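Participant: Chains as they are written, first to last, in the working numbering: chain H, 1 to 221; chain B, 222 to 336.
None of these hints come from the bench; they were simulated from the model.
Quantities reported herein were computed from a predicted structural model and do not represent experimental measurements.
From the three backbone atoms N, C-alpha and C, an ideal C-beta is built for every residue, glycine too.
Be aware that one or more of the hints could be misleading.
[Said to hold, decoys possible] Think about it this way: if two alpha-carbon atoms lie no more than 20 Å apart in a straight line, the pair counts; the simulated DMTMM-like pairs of lysine to aspartate or glutamate are: (1) Lys-244(B) <-> Asp-334(B); (2) Lys-2(H) <-> Glu-329(B); (3) Lys-11(H) <-> Glu-288(B).
[Stated by the list, open to error] Rough simulated footprint, nothing fancy, chain H against chain B, three-plus residues with beta-carbon under 8 Å: (4) 233-247; (5) 257-263; (6) 303-314; (7) 318-325.
Here are the chains, one letter per residue:
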Amino acid sequence: MKVDVVQKVLKANDDIAKLVRSRFDEHGISCINMISAPGSGKTSLIESALKQGLSGVRIGVIEGDPETTRDAERIAKYDVPVVQINTAGGCHLESQLVLQALDKLPLNDIDLLIIENVGNLVCPVGFDLGEKSRVAVVSVTEGQDKPFKYPKLFHTANLVILNKVDLLPYVPFDVEEFTQGVQGIQPGVPILHVSCTHGDGISDWVNWLREQVMSDKNKHE
Amino acid sequence: MHELSIITSLIEQVEQICKEQEKSTVSKIVLRIGSLEYINTETFLFMFEQAKEGTCAEKAELNMIIEPIKIRCRKCSEIYEPEDTIWLCPKCNEIGGEIIQGSEIILESVYFDDN
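Construct the entire structure; sequences and hints are all you get.
Facilitator: Set out below in structure tokens:
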């Protein structure tokens, strides 16, 4: 006997992501999901935004890592609500983990929730966390071929950040090829050039974050 | 290693269908896997064999149909299978478009032993 099903296998994750999204709507929270390889500078980008401040926008952070609370400790220094999710070896965050983390956050006191996913360019991409926007981060030491090798991430990203641009004089990174690769997958997606250590592009990054919150606020009014 | 999460989700779905159909043994599962999902089919099969033990899918054979990426050109609406990671329309040379196939994993059908 054959039963036709035709259902997405990750439907369970998608359903919980919908629930997470409705919680965000309820509390007027804009959520960003940051995806990159390990060591591209996701935590540093969050720290840079916190250092500069978003003038009145209240930030909360969820940190995803296989082990340790190191990233959450870095973020807690800025006196913002932060939850560390340890995936115990898991290579990506799932919506269920985010849903559980929401119970530990003061949702009424957050306008922008930044989720730092587990460092990985493959696995996190297929799992909706209920975010409004996705940010893909690549650092110049990783090479310009990332968009060609991991097209799905770049197809689903709302913003691409090229980080550690202060190192460009020292590494053979072809910015033009990288840009063509990204634009070839998703024409028109914004690409920011950033250096967290020298401060280049941080105001563009902060402005982009502020726009995410403002466009949601306009929608609610 | 996102394969394991997908398999766990798959087995939960199949168990649910078993319950609905009031069956105890699944003989075959048919999955459509999009090429853009980066599924290593050997890893997937290996993990499925481990994960199915003790479930209604214990005796099930897994049939994986790999689906190529299909793009609808954002300019001329031509549907094509890109030859490269840059999605270049063969008709009008426009870059990029909407993914209409290849970015999902779909549980297509489940077969049960008739007796």
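Participant: All hints are to be evaluated individually against the structure, with a verdict given for each.
Facilitator: Right, here's what the structure says about each hint:
1. Lys-244(B) <-> Asp-334(B): holds, 9 Å
2. Lys-2(H) <-> Glu-329(B): Measuring from Cα to Cα gives roughly 10 Å; hence the hint holds.
3. Lys-11(H) <-> Glu-288(B): holds, 19 Å
4. 233-247: holds (count 5)
5. 257-263: holds (count 3)
6. 303-314: holds (count 4)
7. 318-325: holds (count 3)
In this structure, none of the earlier numbered hints is contradicted; all agree with it.
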